[in-house]
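Asker: What follows is the residue order along each chain.
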Amino acid sequence: MKKLLAQIKASMGIYESEPVYGLLAEFADPGALLHAASQVREAGYRHFDVHSPFPVHGMDKAMGLGNSLVGFFTLGGGITGFALAYWLQWWTGAVAYPLNISGKPFFAIEPSIPIMFELTVLFAAFGAVAGMFALNGLPRPHSPLFYSRNFTRATDDAFFLHIAASDKCFDLEETRQLLADLGGYHVELLAAQE
Amino acid sequence: MGHSTSHSTETPLVTGNLSFHELTELVARHAEKKPPMGWYVAIGISSLLLLNLLVMIAYQVWNGVGVWGNNVPVGWGWPIVDFVFWVGIGHAGTLISAILFLFRQRWRTSINRAAEAMTIFAVICALLFPTIHVGRIWVIYWTLPIPNQMDMWPQFKSPLLWDVFAVSSYFIVSLLFWYVGLIPDLATLRDRARSFIRQRVLGIFSMGWTGSNRHWRNYEKAYLLLAGLATPLVLSVHSVVSFDFAVSIVPGWHTTIFPPYFVAGAIFSGFAMVVTLMVIARKVYGIEDLITLNHLEKMNIIILLTGSMVGFAYITEFFIAWYSQVGYEQYAFINRATGPYAWAYWIMMSCNLIAPQVFWFKRLRRNVPLMFAISILVNIGMWFERFVITVISLHRDYLPSSWGYFTPTWVDVMTFAGSFGLFLTLFLLFLRFAPMVALSEVKGVVPQADPHFYDQESS
Numbered sequence: 001m002k003k004l005l006a007q008i009k010a011s012m013g014i015y016e017s018e019p020v021y022g023l024l025a026e027f028a029d030p031g032a033l034l035h036a037a038s039q040v041r042e043a044g045y046r047h048f049d050v051h052s053p054f055p056v057h058g059m060d061k062a063m064g065l066g067n068s069l070v071g072f073f074t075l076g077g078g079i080t081g082f083a084l085a086y087w088l089q090w091w092t093g094a095v096a097y098p099l100n101i102s103g104k105p106f107f108a109i110e111p112s113i114p115i116m117f118e119l120t121v122l123f124a125a126f127g128a129v130a131g132m133f134a135l136n137g138l139p140r141p142h143s144p145l146f147y148s149r150n151f152t153r154a155t156d157d158a159f160f161l162h163i164a165a166s167d168k169c170f171d172l173e174e175t176r177q178l179l180a181d182l183g184g185y186h187v188e189l190l191a192a193q194e
Numbered sequence: 195m196g197h198s199t200s201h202s203t204e205t206p207l208v209t210g211n212l213s214f215h216e217l218t219e220l221v222a223r224h225a226e227k228k229p230p231m232g233w234y235v236a237i238g239i240s241s242l243l244l245l246n247l248l249v250m251i252a253y254q255v256w257n258g259v260g261v262w263g264n265n266v267p268v269g270w271g272w273p274i275v276d277f278v279f280w281v282g283i284g285h286a287g288t289l290i291s292a293i294l295f296l297f298r299q300r301w302r303t304s305i306n307r308a309a310e311a312m313t314i315f316a317v318i319c320a321l322l323f324p325t326i327h328v329g330r331i332w333v334i335y336w337t338l339p340i341p342n343q344m345d346m347w348p349q350f351k352s353p354l355l356w357d358v359f360a361v362s363s364y365f366i367v368s369l370l371f372w373y374v375g376l377i378p379d380l381a382t383l384r385d386r387a388r389s390f391i392r393q394r395v396l397g398i399f400s401m402g403w404t405g406s407n408r409h410w411r412n413y414e415k416a417y418l419l420l421a422g423l424a425t426p427l428v429l430s431v432h433s434v435v436s437f438d439f440a441v442s443i444v445p446g447w448h449t450t451i452f453p454p455y456f457v458a459g460a461i462f463s464g465f466a467m468v469v470t471l472m473v474i475a476r477k478v479y480g481i482e483d484l485i486t487l488n489h490l491e492k493m494n495i496i497i498l499l500t501g502s503m504v505g506f507a508y509i510t511e512f513f514i515a516w517y518s519q520v521g522y523e524q525y526a527f528i529n530r531a532t533g534p535y536a537w538a539y540w541i542m543m544s545c546n547l548i549a550p551q552v553f554w555f556k557r558l559r560r561n562v563p564l565m566f567a568i569s570i571l572v573n574i575g576m577w578f579e580r581f582v583i584t585v586i587s588l589h590r591d592y593l594p595s596s597w598g599y600f601t602p603t604w605v606d607v608m609t610f611a612g613s614f615g616l617f618l619t620l621f622l623l624f625l626r627f628a629p630m631v632a633l634s635e636v637k638g639v640v641p642q643a644d645p646h647f648y649d650q651e652s653s
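One line per chain: the protein sequences are G and L, in this order.
Take 1 as the starting number for the first sequence in the numbering used here and just add one per residue.
Take 195 as the starting number for the second sequence in the numbering used here and just add one per residue.
Because the hints were derived from the structure by calculation, they are not lab data.
Warning: the hint list may mix true and false statements.
[Stated by the list, open to error] Stretches of chain L that chain G covers, calculated by requiring three or more beta carbons in the stretch to come under 8 Å of a beta carbon on chain G: (1) 364 to 377; (2) 401 to 409; (3) 583 to 591; (4) 636 to 642.
[As the list claims (entries may be wrong)] Covered by chain G, per the in silico footprint, the following chain L stretches (three or more residues, Cβ under 8 Å): (5) 355 to 361; (6) 382 to 388; (7) 424 to 432; (8) 447 to 459.
[As the list claims (entries may be wrong)] So the derived list for chain L, only partly shown, Cβ under 10 Å to chain G, looks like this: (9) Q349; (10) G397; (11) W597; (12) Y599.
The C-beta atom is built at its ideal place from N, Cα and C for all residues, glycine as well.
Throw the hints in and build the complete structure from the sequences for me.
Answerer: Pasting the structure below:
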């Protein structure tokens with residue numbers, strides 16, 4: 001159970017490793033980052049992540065990540081919205097307070113379509129956004145990555161690769177060497193000492 | 195592979211050959227430094243207009259809707275005209291973000307943020323009008339299915355209630371779409387922030403975004419799905435607004451062409467408003483490299499297209515009125531073009547159908563002062579379109595004994611002017627405090643963002 005939880009957290013990019021959190025290396029450009037990510041994966045690492053100011057084309061493949069699961073949340077949201085709209089219009093019109101309006105049926109599909117459509121879209125959108133946050137483990141205002149001063153440039157113009165200490169291949173010296181060999185610089189040890 | 199080769203041949207989406215950091219600087223600094231003098235002047239004027247709006251609303255709520263010109267036979271006057279006008283403007287943002295996203299029109303990245311913001315603010319203005327139009331604003335919650343002491347429920351068979359759901363769903367989805375798009379850029383601002391409070395506030399709103407690829411993967415999927423959801427939604431909203439008219443049996447309203455015709459008109463007016471605002475903003479903030487003449491030209495092409503579609507719909511309405519051989523219907527249209535409101539009809543025709551035709555010529559399409567003038571004309575024309583549809587159709591219907599002539603009151607005029615105050619104040623605050631260009635998306639479309647860009651360089 002604990003292992004499963006750790007796995008789910010790792011998929012969100014949350015790694016449980018104290019006090020050493022991992023190694024962070026900077027790369028020169030998206031091309032170098034893509035290359036490094038595929039090499040790190042080839043070397044057997046799984047608990048690693050790249051950080052870039054924009055999504056890098058082809059990175060999911062290089063990191064060996066499958067299709068995102070957000071779609072299922074969206075589908076769930078859409079079905080919920082549709083069912084809610086159907087139930088709401090039927091129950092209020094035909095059950096709770098049937099009211100004869102110019103002889104129209106208490107409930108019919110045709111006039112109910114616009115609201116069914118709107119609520120389907122609305123709840124599907126809720127599903128997509130909530131699913132995205134849930135799968136990403138956001139909001140997470142305190143990440144150990146923020147211990148690195150250099151890391152503030154991840155949202156500006158710098159490209160980082162981070163290997164977490166929780167990875168079973170992680171070895172302080174070997175991993176540091178690997179990152180340097182791949183062209184990483186400013187290799188930093190992230191540890192909760194501050 | 196196709197991606198990497200196409201970059202070198204296409205005209206660049208962003209000019210100036212800026213590095214990632216220069217792009218960040220170009221956009222983010224406007225949300226950080228003190229705004230230019232012009233901004234203070236603009237917000238001074240717009241907040242005065244906003245104050246005027248609040249006074250007008252208070253005056254109307256206190257006295258009742260009788261302070262407006264609405265009276266039998268024209269029960270829907272300016273407030274509904276203004277409502278449709280603002281909802282229409284609120285269509286461009288989501289069209290640019292969602293539909294152009296699905297069609298992979300990557301030029302949209304420079305303008306989508308501001309256009310989405312404009313959408314949200316326009317929909318806020320739009321929602322205001324039906325809210326005060328109900329007359330008893332304190333029972334506006336009756337339009338929502340909330341259990342109440344009367345055990346009664348809203349009337350789901352009414353197009354007016356569909357409208358409540360359509361416009362509020364549209365507002366919420368647009369807001370989500372906008373906010374999701376903002377998160378990476380708020381993180382950029384957070385990481386640049388120096389002061390403690392600024393770091394904390396932006397830290398909360400950026401949700402702890404780190405640019406992680408595991409996050410980008412879900413983020414991009416969610417964004418794609420939101421675009422896919424917003425596309426039918428944006429088309430449905432103005433269709434539902436048109437049902438308010440089309441489902442009734444008033445001559446001039448009861449036509450099946452309304453949904454597509456309203457949607458085209460909405461896109462038309464929305465794009466015109468985007469051009470109006472962008473022409474000013476790119477100049478004032480010096481972001482001509484991001485919002486280039488090519489962007490404006492593409493928007494003008496869409497204005498030409500949708501303007502011609504709207505004009506085609508005007509003519510089709512006439513044809514169908516003749517073809518139906520229904521006297522009331524025919525009269526409604528002849529009365530539009532030649533009756534007491536013919537001036538309004540011809541303002542609409544010349545602003546919406548004739549004025550945008552200048553954009554057939556490439557030189558005129560790329561002429562900034564001209565496109566600014568045309569965009570203003572289009573907005574005037576589109577307001578008059580809603581006036582024509584609402585007021586002219588109502589003022590003479592079946593019984594000549596109940597014909598009348600509608601005149602607005604000063605409260606009508608001041609409330610409408612005040613709604614511009616609300617819109618502009620919100621937009622100016624947006625320009626001041628948020629990144630006005632979608633930074634992470636613009637960085638993603640410059641050639642250096644392609645990992646294969648570096649393969650070519652080394653080989």
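Asker: Next, verify each hint and record whether it holds.
Answerer: Here is what the structure says about each hint:
1. 364 to 377: holds (count 5)
2. 401 to 409: holds (count 9)
3. 583 to 591: Violated - the region 583 to 591 of chain L has 0 residues with a Cβ nearer than 8 Å to chain G, which falls short of three.
4. 636 to 642: The restraint on the region 636 to 642 of chain L holds, since 3 of its residues have a Cβ under 8 Å from chain G and three suffice.
5. 355 to 361: holds (count 4)
6. 382 to 388: Satisfied; 4 residues make the cut.
7. 424 to 432: holds (count 4)
8. 447 to 459: violated (count 0)
9. Q349: Since the shortest Cβ distance to chain G is 7 Å, the answer is holds.
10. G397: holds (5 Å)
11. W597: violated (26 Å)
12. Y599: violated (31 Å)
Violated hints, in rising order: 3, 8, 11 and 12; the structure is consistent with all others.
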